[in-house]
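Undergrad: This is what each chain is made of:
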Amino acid sequence: MSSSLSKLLALLFAFALVGAACGGSSDEATDDSGGDDAAQTDDAATDDSAADDGDTVDLTQGGGVLAAVQARGTLNCGVSGAAVAFSFVEADGSVNGIDADYCRAVAAAVLGDSEAVNFTNLTAAERFAAVQAGEVDVLMRNSTWTQSRDTEVGMDFGPTTYYDGQQLMARAADGFSNSSEVAEIDGAVVCTNAGTTTETNVSELAGELGIAITLQTFEDYNQVVDAFIAGTCDVITTDGSGLVGRKAQQQPEGEEWVIFPAAPFSKEPLGPVYAQNDSQWADVVNWVVYATVIADESGVTSSTVDDALTGDNAEMVRLLGGEGELQTKMGLSADAFYNVISQVGNYDEIFARNLNPVGLERAGSANARWNEGGLIYAPPAR
Amino acid sequence: MTDLSISHDLTEALAETSLAPKQAAHSPQEWAKQNLFSSVSNTIQTLLFGFILVLILQWILGLIFADERDWHAVTTNMRLLFTNNYPASQYGRIWFTFGALLSTAMLTVAAFRYFPTFTVRKILINITGTGAFIALVGALAPISTTPRLVMLAVGAVIMAAAGMAVNNRPDGDEAAVSLTAVLLVVAAAVLATIWFVPFGNDRLINLEAVLEPGTILLETKLWLSLMVGVTVVAYFAGRALAGVLPESPFKQAMVGWWILGPAFLIFLVIRDPAFDYGYVFTVDIPIALVFGLGGGALLYFLARPGNEALARAVGVGILAVCALTFILGATGSVSMLQKIRLTILALGLVALLAPTFSGEPRVRRNFAYAWIGAIAISHWLITAINTPSTLELRADSFLGGFMISITLGYYVMLASFPMGVLMSLARTSKMPLFRVMSTIYIESVRGIPLIVILFFFDNLLNLFLPNGMSVSKIAGVFIGYTLFSAAYMAENIRGGLQSVRSGQFEASDALGLTTLQRTVFIILPQALRVSIPNLVGQAIATFKETSLVSIIGAFDILYIARNVVPGQTAFIGHSIAPMLFVSLVYWIFAYSMSRASRTLETKLGVGAR
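So the sequences go chain by chain: D and L. Residues 1 to 382 in the working numbering are what the first sequence spells out, letter by letter. Residues 1 to 609 in the working numbering are what the second sequence spells out, letter by letter.
Just so you know, these hints were derived from the structure itself, not from any lab. Be a bit skeptical, because a hint or two may be false.
Stated by the list, open to error - Here are the in silico distance ranges between beta carbons for each label pair: (1) D/361 to L/90: 36 to 44 angstroms; (2) L/139 to D/74: 55 to 63 angstroms; (3) L/256 to D/334: 34 to 42 angstroms; (4) D/152 to L/448: 25 to 33 angstroms; (5) D/71 to L/293: 37 to 45 angstroms; (6) D/92 to L/594: 31 to 39 angstroms; (7) L/451 to D/371: 44 to 52 angstroms; (8) L/46 to D/255: 37 to 45 angstroms; (9) L/139 to D/92: 38 to 46 angstroms; (10) D/74 to L/117: 52 to 60 angstroms; (11) D/73 to L/451: 33 to 41 angstroms; (12) D/134 to L/422: 45 to 53 angstroms.
Ideal placement from N, C-alpha and C gives every residue a C-beta, glycine not left out.
Construct the entire structure; sequences and hints are all you get.
TA: Dropping the structure here:
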């Protein structure tokens with residue numbers, strides 16, 4: 001008995017030691033972000049390998065995301081991976097969509113290579129935590145810019161890349177048209193996803209207008225659309241971009257779906273999100289977006305960017321690095337935005353490539369150019 | 001450890017099953033009369049439940065053949081579903097792994113001398129049933145007239161031909177074909193299917209799914225043919241080896257390879273670490289050699305009879321040194337590789353075990369060899385895991401799709417098994433401290449939902465690790481899931497332990513066996529044998545529940561089918577076709593596991609007492 005007791009004590013002692021050691025902090029780097037696929041219990045305590053990774057964390061926390069990204073050589077970009085036209089995984093594993101293209105644009109500006117992006121797929125629940133923890137350098141995950149998100153938690157929002165807003169979709173056969181008003185859905189069965197702001201928005205609006213609707217919610221949006229097709233729902237509601245895509249792809253033959261009201265009843269400005277209090281990095285991301293907008297205003301596309309570099313438009317010449325020090329003062333190379341436009345394209349190209357295939361048009365929407373009645377506007381490059 | 005239940009001698013079990021009375025052979029008509037329409041109530045039941053079954057089948061077929069079902073969403077996304085975004089240029093690695101697993105399966109069949117025969121009668125009856133099923137599907141599915149007639153005709157012809165052949169077999173017909181013949185026929189059928197059936201191949205051109213006529217893609221065809229070839233060659237090689245090698249080492253080698261092989265395939269072949277060989281040869285290998293050989297020699301010495309007291313002293317001494325390295329590391333005065341510290345810790349703990357293994361030189365040698373082997377494998381794995389991968393991945397993990405489900409399910413089961421055994425032993429032990437600790441652990445883990453545990457290990461585990469040490473998402477999920485599964489495993493095994501009669505304990509005590517010997521050689525083999533159905537049930541559940549990893553952002557096959565494919569511009573909203581396909585994949589694996597378990601149960605004679 002005494003021998004087994006001593007063995008037991010020795011074991012307990014050992015566990016206590018391990019516990020103590022884990023509780024304490026060891027000064028040396030034992031992690032390796034290169035192989036973040038499995039448990040990492042070991043790595044060289046040699047100085048150089050400690051430098052690769054240990055420093056990354058410090059830089060992220062110390063306010064130098066730009067330097068960290070440049071040292072790492074890839075941009076960690078948070079996307080959804082399952083959002084139609086915004087960021088989705090293609091059959092060959094590549095990530096496409098307007099959000100994915102803006103990730104590529106940032107990589108092109110910072111690293112000169114639009115493919116140097118490490119896409120991290122994030123669920124809606126974990127996206128902001130990933131930004132705050134520095135797991136991703138920038139979040140491009142169709143996230144709405146709201147006051148509470150901007151102010152309460154440690155992150156900032158960049159310029160809006162897509163102005164979305166909640167709308168309704170119903171069948172033309174039920175007497176609805178593109179010019180219908182929200183009040184006309186009185187008495188209808190309205191379906192949407194459970195637990196989202198779309199649910200709150202539509203019920204608040206119904207209360208405001210004094211109409212009675214039956215709200216039915218589903219776990220995910222695919223089920224909502226399936227229920228609409230099956231006739232369970234008279235009206236479905238979500239952000240306009242989601243409705244247009246479904247109408248283009250899933251409207252059965254011989255039936256016409258209409259989207260209304262013309263002006264959405266909620267504001268959903270979607271854009272990049274990054275960690276708070278790093279102005280240098282915020283400037284980089286913001287100006288990548290602005291550069292695509294300015295290029296669109298000046299009509300410079302990926303195919304004409306070489307001409308613009310030596311052309312007459314002085315703003316474009318400055319922006320593309322033909323003269324001046326606008327980019328180098330930001331910590332980027334002079335040709336940073338040249339790389340963005342030549343490798344990814346201007347705002348219009350990005351929009352057309354990703355959103356036109358699902359039926360979303362720029363003309364006449366809030367995403368048109370500011371001088372054509374839209375909201376897409378950028379400060380001047382000088 | 002894990003092969004205890006498998007390495008049971010099966011001649012005895014076979015003798016037992018052959019005692020069962022022989023069933024008289026019947027023609028299909030006779031069988032139906034006796035079993036389905038024997039009485040009025042039986043006939044009513046048959047018709048009623050047959051009608052319900054037909055309705056269910058019709059509903060399922062309606063789902064599958066519905067007009068709006070776009071099966072291109074599945075066929076174009078095959079690679080995504082199985083391996084997520086594993087780079088296409090490196091896809092040979094996936095095929096290599098697949099081939100390695102297939103040949104391992106064949107070698108295992110040979111090593112365990114599992115060469116069943118299949119009676120011709122039974123095969124013909126199965127073919128008749130298949131024909132009937134084809135005809136039924138043809139009759140019920142919502143398809144146009146021509147394919148319906150074709151299916152009805154094909155089904156009827158198969159049914160009639162096979163049914164007639166059954167009727168023509170003489171009574172008491174025992175003619176059978178061997179596994180070899182069945183394997184060759186299946187291989188030929190697979191080859192013929194992939195080379196000659198015009199499935200067509202899908203590809204996306206300008207966001208439109210285009211079906212090109214002809215057979216499947218040539219590259220896929222060649223790889224699949226190679227897989228069939230590898231399987232057949234491995235089978236014959238295994239049979240040849242089984243004739244040459246002694247039975248027990250061959251079996252042990254196969255069991256060992258099932259435990260380690262997949263880890264090697266994942267971390268060496270699929271992940272392809274970019275080893276810095278200079279560093280590996282100057283640092284990693286010398287460390288492993290010093291600890292492996294030095295530790296082995298030390299343990300060999302400590303396990304000598306008469307050295308028990310010394311062994312305990314040395315063990316405690318090593319642990320003290322280990323503690324010192326942790327403390328000095330924490331204060332920053334001595335820098336040392338984390339893996340050296342952990343190895344010292346392991347050596348200290350194993351040195352304490354040495355007295356248990358003391359005995360004649362052969363036992364001690366095996367003890368030392370086990371240490372050397374464990375060091376070699378663990379150091380290799382630690383090095384491989386911490387070396388950056390050469391894969392050009394633009395995502396966070398090289399594991400994805402079905403690959404993540406099967407890997408996670410397999411290793412969670414494997415890792416939670418020993419933990420479950422230890423905890424069930426602790427819970428049934430006489431030592432109150434162990435019993436209480438184990439009970440508290442099991443009951444608290446069983447009281448927490450798996451999702452909470454996964455969230456915890458995804459978000460919070462890294463906060464509890466020493467500074468600079470981190471685990472990835474998948475590793476965190478693996479650890480959390482293993483701890484969760486171990487609690488359930490412990491309860492399943494405890495059920496088995498309780499079925500072992502007290503006479504077994506008394507008899508082994510009377511023979512003078514130590515507690516360890518009694519547990520390992522007498523109690524556990526009987527307990528595990530009884531637990532097989534429960535353990536397999538748990539294995540299936542574990543495998544299926546891996547789909548929960550999607551909540552922490554890992555793309556497993558279900559998440560891809562449900563969210564990623566419907567998010568693609570070409571297939572907006574098409575989630576039902578991929579989900580039906582995923583159900584089929586899960587079903588094939590779960591059903592195979594349950595079949596394997598039934599075979600094992602028959603071999604071990606579970607329930608035949």
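Undergrad: Against each hint, give a clear statement of whether it holds in the structure.
TA: Going through the hints against the structure:
1. D/361 to L/90: 36 to 44 angstroms: 40 angstroms, holds
2. L/139 to D/74: 55 to 63 angstroms: Distance hint for residue 139 of chain L, residue 74 of chain D holds at roughly 57 angstroms.
3. L/256 to D/334: 34 to 42 angstroms: About 60 angstroms separates the Cβ atoms of residue 256 of chain L and residue 334 of chain D, which means 34 to 42 angstroms is violated.
4. D/152 to L/448: 25 to 33 angstroms: At 29 angstroms between Cβs, range holds.
5. D/71 to L/293: 37 to 45 angstroms: Between residue 71 of chain D and residue 293 of chain L, where Cβ atoms are some 40 angstroms apart, the hint holds.
6. D/92 to L/594: 31 to 39 angstroms: 35 angstroms, holds
7. L/451 to D/371: 44 to 52 angstroms: For residue 451 of chain L and residue 371 of chain D the Cβ distance comes to about 51 angstroms; the hint holds.
8. L/46 to D/255: 37 to 45 angstroms: 44 angstroms, holds
9. L/139 to D/92: 38 to 46 angstroms: 40 angstroms, holds
10. D/74 to L/117: 52 to 60 angstroms: At roughly 57 angstroms between Cβ atoms, residue 117 of chain L and residue 74 of chain D fall inside 52 to 60 angstroms, so the hint holds.
11. D/73 to L/451: 33 to 41 angstroms: 36 angstroms Cβ-Cβ, so the 33 to 41 angstroms window holds.
12. D/134 to L/422: 45 to 53 angstroms: Since the Cβ atoms of residue 134 of chain D and residue 422 of chain L sit about 39 angstroms apart, the hinted range of 45 to 53 angstroms is violated.
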